[in-house]
Amino acid sequence: MQELIQAVQNSQTFLSGLSEAALAIIFFVLFGLVFATVAAVCALVFVYLERKISAHMQDRLGPMEVNTGIPLLKNIGHGWAQTLADAFKLLLKEDIVPNAADRRLHLIAPFILFCAVIAAFSVMPFGEKLVVSDMNIGVFFVLAITSFSVIGVILAGWASNNKWSLLGGMRSAAQIVSYEIPSGLVVLVIVMQVGSLRFNDIVMAQAGGILHWHIFQFFPLNLIAFIISFLATLAEANRAPFDLPEAESELTAGFATEYSGFKWAIFYLSEYANMFLIGIFLSALFLGGWTSPFGSLFGGFFDKPGWQPVWIILKAVAIIFLQMWLRWTLPRLRVDQLMYTSWKVLTPFAFVTIFGVGLWMLF
Amino acid sequence: MMAVGLNHFLVLSALLFVLGLLAVLTKKNAVTVLMGIELILNAANINFIAFSRYADTDLDGQLFALFVIITAAAGAAVALAIVLNIYKQMRSVNLDEADTLAG
Amino acid sequence: MSYFDLTFYVFAIGAVVSAGMMVFSRNLIYCAVGLLFALASIAGIYVLLGADFLAATQLLVYVGGILALLLFGIMLSVKFTGVELRTGTLQMLPGLIIVAGLFLLLLRMIYRAEWAVQTPGDMLPTTTTIGKRIMTDLLIPFEIASILLLIALIGAAYMARRERS
Amino acid sequence: MIVDYVIWIVLLPLISFAIQIFFGKRLPRQGDWLPTSVMFIDLLLSLIVAGKVFSAYDPEFRITRSFEWVVLGTTTIKFGILIDNLTAVMLFIVTLVSSLVHLFSIGYMHGDPRYSRYFAYLSLFSFSMLGLISVDNFLGIYMFWELVGVSSYLLIGFWFEKHSASNAAKKAFLVNRVGDVGMFIGILLIFAITHTFNFSEVFGKIAAGELSGALLTTAGILIFCGAVGKSAQFPLHVWLPDAMEGPTPVSALIHAATMVAAGVYLVGRTFVLYSEHALLVIAGIGTITAFIAATIAVVQMDIKKVLAYSTISQLGYMIAALGVGGYNAGLFHLMTHAFFKALLFLGAGSVIHAMHHEQDMRQMGGLRHKLPVTFATFLIATMAISGVPGLAGFFSKDAILAASLEKAMETGMLYHYTIFAILIFTAGLTAFYMFRALFLTFYGTPRNKEKFDHAHESPGTMTIPLVALAVFTVIGGYGKWFEELVRKPNLQMFAESGAVQDATHAATEAAAHGAHTIAMVLSIAFAFGGIAVAMLYYYWNKYSAEAVSKKFAGIYNFLWNKWYFDELYQATAVRGTLLLSKAMGWFDLNVIDGLVNNTARLTTLISFGSGTTDNRIVDGLVNWVARIIGWFGATLREIQTGRVQAYILMALGAFILLYVIQLAMV
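First to last, the protein sequences are chains X, U, E and V. Note that my numbering numbers the first sequence so that position 350 is 350, with each residue one more than the last. Note that my numbering numbers the second sequence so that position 29 is 29, with each residue one more than the last. Note that my numbering numbers the third sequence so that position 145 is 145, with each residue one more than the last. Note that my numbering numbers the fourth sequence so that position 101 is 101, with each residue one more than the last.
No lab work stands behind these hints: they were computed from the structure. What you are looking at is a predicted structure, and each value in this text was computed from that prediction instead of being measured. Hints are supplied without guarantee of correctness; some may be wrong.
[Said to hold, decoys possible] Lysine to aspartate or glutamate pairs mimicking DMTMM-like chemistry, simulated, CA-CA at most 25 Å apart:
1) K132(E) to E3(X)
2) K28(U) to E146(V)
3) K304(X) to D201(X)
[Stated by the list, open to error] Among the chain X residues that face chain E by a calculated CB cut under 10 Å, a handful are:
4) D86
5) A87
6) I112
7) I151
8) W158
9) A159
10) M170
[Unchecked claim] Label pairs and their calculated CB-CB ranges:
11) V132(X) to L153(E): 35 to 41 Å
12) R637(V) to R91(U): 25 to 31 Å
13) M64(X) to L153(E): 50 to 56 Å
Glycine included, every Cβ here is placed at the ideal spot set by N, Cα and C.
Working from the sequences, and respecting the hints, build out all of it.
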């Protein structure tokens, strides 16, 4: 960020006159917008993917109708523009706010959630250089920022001023908080092996082909760690088997019940962004991030910087597919089962893996 | 305004400390008082870290701040539990009503 | 107006304004939200002071933990037990006077005292040094802190449990 | 030897008194025989003693025996017996009269409810009288003096249920006391100077000149006061007539012979003590008493009153005699008077006994046939007292008159001549009133027929003493023995420088003889004059007494009322003391009680004041302090509001304050 500002100030464009601070503001805004749009676009894509995959899983076609007449895109078919249409719909839909609700909170809640998720992307490693801010505490930062989402969920639940949404919010908050612990612990395992919190260090540690990926190191332990991490992050995103708060008959959409229109879209968007975040996060930690699986096989061709973002995104999509897969196959967990898995299953196993890897590394 | 130096941070921490104190002093609701206390602790932390930065003490300030955060967390948990119990006892959380120890 | 100053002022003003909101607002939730943004800005201030690890801890512990706890406390007590949302203030005038006096005294102290200050070095990543220091010099306090947390955990749980039977 | 007898003489009556007083009632015949027999034994012993003393026939005869009675640090008081011719005579007289009275009382007091006690009192009296005349020092005399007073009180007030008797007893006792006090002061005066009570030692000291001049005279006069009191002399004579309330034998014993004589004996015993001036006073008093008593006796109608006043008059004679230096004459008259006055009283007693206790001569008359023995003895006694020559009375009275004339011629002072004149005139009066009494009772027509018929001669026990006394009245006067033995003591006798015979004795002998014949002639003349007048008025009834009394009513009333002495004393002494006591009472009530009450009121006032101040100030202060502390407590309590935030606020406020102060200080 600092170099960019220096570079701009040095380039005699009309911008160099501005003070460093002004430039900093401009860049902040610029990056924010970029990520917002990227996230939005990815979310749309994933929504579409989800609907198609879930449909095909359930042996149905999914959205086919909504295509566009635009010359190039016309013949793609398969309702690719469905999510666009949804988006338009949501944007145009009337934004209802329950009268006794707290208007301002009602407005802020979704954005807190959305920001929490988007902020996490600033640290994600899309390539060796393709990192917005290459923080030394990258992984820890992600954990910290994701905890923001808890506040967002609680405020959302509260702001809609209806007991069930509040309960739903409370439940999902409790769920997020309790699954934070196993995901945090598991991250420790990887950090222990790498010895640094910087994403790039972690990814580079896995360079050299598929066998160097963390998932395969310390054979069973890291794999367990990956599974725990995958489940925990899934629960934090309130998805699939763990999306109990929305599923209850009375809770309907959980904390988002009272939301409609654009704010609901934000929720929806942040959920999918969260899925994408998890994808990249896990791939970076366990699946070797932007390193090519082939390592030096094809003469290191695939290891070129150009390919790095492709690999990471591919791995992320694979994880997302896995999540969607789980969503449409496994039944929901009851609340006590939910809490049980978190405290009585994931956390102990996380401790086991930590100790195992710890001991293993000593010898 | 001049370059941001140590004094700026100290002023900021003093201001936050004062606001936290004000909250503690004037808020009727116990939970808000707890928030005030958290704010005061944060103000203290700013001081610690500012000094650890401007007076090279091998990050002692930061470590101290870390421990403050830990204890604050423990404190908040217990405090909230106490507040909850007070509520059970007195059906209200307003501090000015909790004056049974009056002289 | 360097980039550094700007960010400082942004965060400082953010913190002070949100703290003010927390103090002067009548609505409990607004207090909580005020505290939220105050803590977030303070985390930013930490980053400015080169304490990146602590900023993250601050975010994780304060915002994710304590604030969530406070919110829970407020919401449960307000929604289900009828504690009125609006909280009044006590002895505001004297409080203000005393606090202002204190603030002046602190300012006087800050500008009067000659702090043993060196020019700050560049910002190094602090995590490793913190990690080293904790595991060497401050091992005992670290262990005690862990026990403290355990005790707090058990205590709070015990106190807040709903009486069976 | 003789001393033992005397001691027994004195102690026997005491013993009989002791027995009688305690066991009298239970003794046979109520024990009247015990004291009488004791008295006769005493008479026998005194005869023996007299025989021994007179056989020696020595005017200087003196035996003394004394023992230490009380040791007071340095001074020792000796107590003893003195026997000389005078004591022997006195012993004889007292025992004789006392035994005769005891005998007479047996009859007279027969049937009295307190018969035994009467005899007890008589023996007590005898004991004290015998003790008085045998003791050898002033203190002893004073003790027996008091005892005699007491016994006379008891005997006078014997019939104490009679109001007049008890009054008379009290009067007698008090008047005697007045005299006794004077005497006691005298004794003390002497003791103060000579530091001894013994007669001989005192007289020796006087001879040595330690006690002399005015002091000697005052001592003498003071001692004489005792005699005045006891012998009923001029100022203190009022008690004797009233003392007649007692039984007649008592009067006979005490008020005729013995007790009244005590005063004369005292003067005689301590004759050396009196200086010239003292003698003058004594003589004066004696004469006055004699004259007054005689005049009052003339108008008395009660037979016992007449005899009482005659006794007073005769005592006056004795004192006057001693006063003019007729020592021998005075004492001789004492002896003779004892005999015929006792006789007269016993005679009156038997008359009264016969007339069933009728004492008023106006109820009597013509008793000479009824009471022949009593009449005969009474006649002899009357002739003796009037000074009819040949009887005892004549010799002693004549001696007195001669002595007074002698003194008059010796000093040639008008004072002494007047004394002689008065004495002569009184002698006449004596004769007159005695024969008046004689004629009123025994001659003329009986005035109370009924009593007259009952009258009868007294029994043997009563007539014997009358006859015995009559005998002594007749023979008592003869013989020079008295004159030689009882010599007038003078200082030289006691001076240590050996006894110098009084050369002056012969010189006075011649002068005396001349005076003697003149006095004798005059006394006989006056005596028979008196008798003649009495016969005129009462025997031949030529003149009526009543007429004279009416003509000279003023003098008559004056005399009848006993010169208004009683009234005088009543007015002065009695009322004076009453007033004094009232004044004292008033003083005590108002001044002292007032004082006490005021102090009481003062203290209450003070306590009230201190009480209120204590309440108001002290309590006030305490309460105030308590209130203040209470107030502090209350205000401080306000601070404890119980609200934590308030506490924090205060703490911070304080902190700022301190900080600012600290700044200000620096």
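Hints, verified against the model:
1. K132(E) to E3(X): 30 Å, violated
2. K28(U) to E146(V): Violated, because 118 Å separates the two Cα atoms, which is more than 25 Å.
3. K304(X) to D201(X): Judged against 25 Å, a Cα distance of about 17 Å means the pair holds.
4. D86: 31 Å, violated
5. A87: Since the shortest Cβ distance to chain E is 29 Å, the answer is violated.
6. I112: 8 Å, holds
7. I151: Status holds, d = 6 Å.
8. W158: 6 Å, holds
9. A159: Holds, because the Cβ-Cβ distance from A159(X) to chain E comes to roughly 8 Å (cut-off 10 Å).
10. M170: Status holds, d = 7 Å.
11. V132(X) to L153(E): 35 to 41 Å: 37 Å, holds
12. R637(V) to R91(U): 25 to 31 Å: 27 Å, holds
13. M64(X) to L153(E): 50 to 56 Å: 53 Å, holds
Of the numbered hints stated above, those contradicted by the structure are hints 1, 2, 4 and 5, listed in ascending order.
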